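*Asks:* Sequence:
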Amino acid sequence: MLRLATWNVNSVGARLERLLEWLTATEPDVVCLQETKVSQEAFPYAEVEALGYEAAAHGDGRWNGVAILSRVGLDEVRRGFDGEPGFPEAEPRAVAATCGPIRAWSVYVPNGRELDDPHFAYKLAWLAALARALGADAAAGRPLCVSGDFNVAPTDEDVWDIGAFAGSTHVSAAERGALATVLATGFTDIAPRALKGAPYTYWDYRGGAFHKGLGMRIDLVLADATLAGAVTDAYIDRDARKGSKPSDHAPVVVDFDL
DNA sequence: ATGTCGTGGACGCCACGA
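For the first sequence, the numbering used here assigns the number 1 to the initial residue and increments by one for each residue that follows.
Treat the hints as calculated values from the structure; they're not laboratory data. Accuracy of the hints is not assured; some may be wrong.
[To be verified] What follows is a list of derived Cβ distance ranges for each label pair:
id : residue 1 : residue 2 : range
1  : L258      : G135      : 19 to 27 Å
2  : E41       : D257      : 32 to 40 Å
3  : D156      : T181      : 14 to 22 Å
4  : E49       : G229      : 27 to 35 Å
Bear in mind that the values here come from a model prediction, so they are computed numbers and not experimental data. Ideal Cβ placement from N, Cα and C applies to all residues, glycine included.
Please work from the sequences and hints to get the whole structure.
*Replies:* Encoded structure:
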């Protein structure tokens, strides 16, 4: 069994204590992190190493930042990807590594902000470029998955009220189309098993959104055919959104029988 | 739903991003 997780931690520094507790309790083999908000140099390598994890980090400080933790090997680390768009410079939004039997990518897709914002075009271009880069990586023939904060709700059921999203990002046809292009390169959006309440992964900090159930499923694990066929369980760890100083995202955990 | 977070600048608050 190989347990993979993805979690937008909204600062690995602010979340370090909770992250370490969660790693100990959950025992994932591979963890894709987003919004680490630390430079590659400042990543807390020693702290995760104490729990048995190697880490590949890609970050430049205040914004964005991604990482992969692995306790089953960490090789062929790649930061960013060929043809990755920037704004205008490339931002630390993607890192890939070979972790034992699988090739894993951790991605933090641009938010998009507003439908008429230049960041929205950036988001679409970034997803299109990601699809091309994944196609090239898939050619290597290893079991492949890309996990992270896609900032896209794949279906209307992935937000608490589609009516509240008229004119908003995350649900537009253009974004879903860009996500579909990624999926069309050979990936399946692994559906977390039904839990109490709706299967969301993100709740805004503001306005008590978590307690009101006003969430979205925007954190996804996309698995290639080999890995999708090997899934034995998938769930959202909603409990990780509770308590003091949580991230605004919950982790998604997927088990594979390889 | 937007009364919250997180970061960093040059602070003891503001700007910015989500």
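*Asks:* Look at each hint and say if it fits the structure.
*Replies:* Hints and how they fare:
1. A hinted range of 19 to 27 Å holds for the C-beta pair L258 and G135, which are about 23 Å apart.
2. The hinted range of 32 to 40 Å is satisfied by E41 and D257, whose Cβ atoms lie roughly 37 Å apart.
3. For D156 and T181, the Cβ-Cβ distance of about 19 Å falls inside the hinted range of 14 to 22 Å, so the restraint holds.
4. A hinted range of 27 to 35 Å holds for the C-beta pair E49 and G229, which are about 33 Å apart.
Of the numbered hints listed earlier, not one is contradicted by the structure.
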